[in-house]
Amino acid sequence: GAGVSQSPRYKVAKRGQDVALRCDPISGHVSLFWYQQALGQGPEFLTYFQNEAQLDKSGLPSDRFFAERPEGSVSTLKIQRTQQEDSAVYLCASSAGPGTGFYEQYFGPGTRLTVT
Amino acid sequence: AQSVTQLGSHVSVSEGALVLLRCNYSSSVPPYLFWYVQYPNQGLQLLLKYTSAATLVKGINGFEAEFKKSETSFHLTKPSAHMSDAAEYFCAVTLGGGSYIPTFGRGTSLIVHP
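Heads up: the sequence lines are chains W and R, in that order. Take the first sequence: its letter number 21 is residue 21 in the numbering used here, and every next letter is one higher. Take the second sequence: its letter number 52 is residue 168 in the numbering used here, and every next letter is one higher.
There may be inaccurate statements among the hints.
[Said to hold, decoys possible] Facing chain W, a subset of chain R residues (Cβ under 7 Å, in silico):
#1 G159
#2 L160
#3 K165
#4 S168
#5 K184
#6 F206
#7 I217
#8 F220
#9 G221
#10 G223
No lab work stands behind these hints, which were simulated from the structure alone. Virtual Cβ for every residue (Gly too), placed ideally from N, Cα, C.
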């Protein structure tokens, strides 16, 4: 595709509900990142995939957060039993992968999650 | 460990004036440094990056930044602000050498007055 897309763009969930956020990276991009951006803050790293392998999940804040990329393209970030502190914008980024293009991360528009 | 400090949550300039957005970093090893821009309801876009080559880095939209190791700084400048430059700007650092997890600053909102 032309860029990284994310869906839904906005999600309102009641406390305790499960949510799933989708990311479609740029076609052919090997690396995929998820970030959480709280209001008035910079993005914070959640997890990283290289193809279908989740190489780093050190930023996931709790075991309620789970990410997958089963075929090495589309990725889903799932949050179980949402809490109010999960309210944030969730950003996805992709890059060409290890090598010169690694630091050229292309970001999607984000999903704004509001937990009520 | 690495960290980034962006001085000033808001910077206001007149159209045509110099833009200066400040970024100081802390890193235990030589860093890679980045500036991103975020327009409302959009994702981040890479403006420029420093990866241990030339210390003066030129980016898109007329922006540039200079890596100063002695001052641990990577300030972003543009000689003449345009109205379209109004956005949120983020400085980020990674440890480099294959490290891929960036640490972002809290952001600086650039306001451009006509």
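Going through the hints against the structure:
The restraint placing R/G159 at the interface with chain W holds, with a minimum CB-CB distance near 3 Å, inside the 7 Å limit. Restraint check, R/L160 versus chain W: the minimum CB separation of about 4 Å is within 7 Å; hint holds. For the restraint placing R/K165 at the interface with chain W, the shortest Cβ-Cβ distance is roughly 6 Å, inside the 7 Å limit, so the hint holds. With its C-beta approaching chain W no nearer than about 12 Å, R/S168 sits outside the 7 Å limit, and its interface hint is violated.
Because the closest C-beta pair between R/K184 and chain W is about 20 Å apart, greater than 7 Å, the hint is violated. Given the 7 Å rule on beta carbons, the hint for R/F206 holds: about 5 Å separates it from the nearest Cβ of chain W. A cut of 7 Å between beta carbons decides the hint on R/I217: the least distance to chain W is about 5 Å, and the hint holds. Here the hint on R/F220 is kept, as its CB sits about 3 Å from the closest CB of chain W, short of 7 Å.
Hint on R/G221 holds. Least Cβ distance to chain W is approximately 5 Å, under the 7 Å limit. With its C-beta approaching chain W no nearer than about 5 Å, R/G223 sits inside the 7 Å limit, and its interface hint holds.
Of the numbered hints stated above, those contradicted by the structure are hints 4 and 5, listed in ascending order.
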